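Top line first, the protein sequences correspond to chains A and B. With the working numbering as the guide, the letters of the first sequence map in order to residues 118 to 462. With the working numbering as the guide, the letters of the second sequence map in order to residues 20 to 305.
These are computed hints drawn from the structure, not numbers from a lab. Please read these numbers as outputs of a predicted model, since none were measured by experiment. Misleading hints may appear alongside valid ones.
Claimed, not checked - Here are the simulated DSBU-like cross-link-like pairs (lysine-lysine), alpha carbons at most 35 Å apart as the crow flies: (1) Lys106/B - Lys322/A; (2) Lys322/A - Lys237/B; (3) Lys272/B - Lys205/A; (4) Lys272/B - Lys106/B; (5) Lys237/B - Lys272/B; (6) Lys205/A - Lys106/B.
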Amino acid sequence: MLQSTQAPDVAEQMARRARWTPLEIAFWLIAFSTIYLLPGRHLILTEIVIWGLFALSLDLILGFGGILSLGHAAFFGLGAYAAGLFAKHGIITEPVLALIAAGLVATVVGFLTSFLVLRGSDLTRLMVTLGVALVLRELANRYSGLTGGADGLQGVTMAPVLGLFRFDLFGHTAYVYSLVVLFLMFLLARRIVNSPFGLSLLAVKGNPLRASAIGIPVNWRLVAIYTVAAGYAGIAGGLLAQTTAFASLEVFSFDRSADVLLVLIIGGIGYLYGGLIGAIIFRLMQDWLANITPQYWQFWIGLVLVIIVLVGRDRMGSWIKPLVSLVDSLGGRMRRASATRSEER
Amino acid sequence: MLTILFDGIAYGMLLFVLACGLSVTLGLMNFVNLAHGSFAMAGGYITVVLVNRMGVPFLLGLPLAFLFSAALGALLERTLYVHVYAKSHLDQVLFTIGLVFMSVAAVDYTMGSSQQFIVIPSALQGQIDVFGVGVGRYRLLIIGICAVLTIALQLILVRTRFGSRLRASVDDQRVARGLGINVAVVFGVTFAVGSGLAGLGGALGAEILGLDPVFPLKYMIYFLIVVTVGGTSSITGPFLASILLGIGDVAGKYYVPQVGAFVIYTIMIVVLIWRPQGLFARQSAR
């Protein structure tokens, strides 16, 4: 049979794709070491983590689904309001459960709206995603009795995480909590992307027509990844509401959708770390620019976008590839060396 | 009732003048230009400076706004936009969002963040009675100017040599190029005229739409609705779409204010799902 001879081969290929590189391990070690090394910076680090998770969710639909969205803040905002309302009205007090529930709310809405982005060209998708975010923002604005309207959702008090860790003023708990959530969500995303399902997504992104010709149900793949990404965005929004004990209409804004696109573009699309690296650069850049020109930092953000496009995204990302391959080859050499050594024995 | 209809038509006409340039850029080069509102804002602000600070008559300020925005459009088209045509939609979106952010901050920096008002000559203020219906003089002027512009645009597009070149380029760029039409020049001119019209619309509309630094972001969605609902293959599609949008928006705000802009967005989504090519578009060959 054809399958029996090729199956191990494919499995081997997939395993190689999914292998952890030393650089990745180092990345996460550094990330977790900041808990002890940078205790004074936990507030801004929490923001970076939330941006990172949000950009990660956009990477799933843009980098792996090929769907251009200008309204991804819709799900971020849903998660934020859901988490805020759960805590405010004492529906689900425990933060972890509330976060999961907030993610589910966004997932459900993501599933329902995913059918809207299946049709039409890039422009249609752009308009529809933008429209969904605007509609949700209008809803949050109208039902001010529930959401607080333009004043934002106030009076949220957070219960301790898992009933053990209280949110403190310096944001230590918030940071560790967010970072752990990010890490777990990242592991899940990594698993999804490296699975056969993730591979079929790349095929869809590359050429939907050919993908359907080899038997991939294109529309269902897109629905699935859009739904998952919506859940991710919801969890990111929930984290924001929980760590700041506040949610405002800003979570739905166009600026947020545009900013997350910028975050992802800075870091690079389609390898999951782009969102995380982009979040670090974006937030530090924002901080730095806001210090120089408090009111007009948006100008420089815009300039960065224009330059990135004019220079070319491929060239911007190219500095990172030699670095990765260098570390990879070093790691590979060490592994091979240790393998030959054990064989000699 | 009739007053609302009238206001709606004026509003819709204004939207058409603002957005028709965008429909051409989108149809011709398949280029997603989210920064179109920035040219409108430039036109509005140059009129504010000319009329309020330098005492130029309002009616002279309007053509100057057109020229200024057209020149700005032509300049940016030649220097920046040409590099982005061949890139992906994602790049185009990023690039134009960047331009929007820059224009918003730059205007905020030079003119301040407060809303600007253009001093309108007293002859244009107040209402006159037309068959017992109170009609704002200024709105009448808007409808007049926009109607003339629309007819002129339609004639140019249908009757002139440039118009037929433009239509040929929209229909099939490669064949048009093969027939010896210089598509780049056609497009550059169209882009400039479209930007100029947006600037004129921004100047005219400052009274109705308001003029502040976030103008491009606030009305971006409206322009896009006009273009996507109206389709990009003709000038009548966007025209009808803007009139409908104008009447719908004004009537919606008057009769059901608690629902607000909600209706417009929902209608847009429904239309896009139902007819992704636009409500009035013929089925595209591409």
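Check your understanding: Which earlier hints can't be squared with this structure?
Key -> 4, 6
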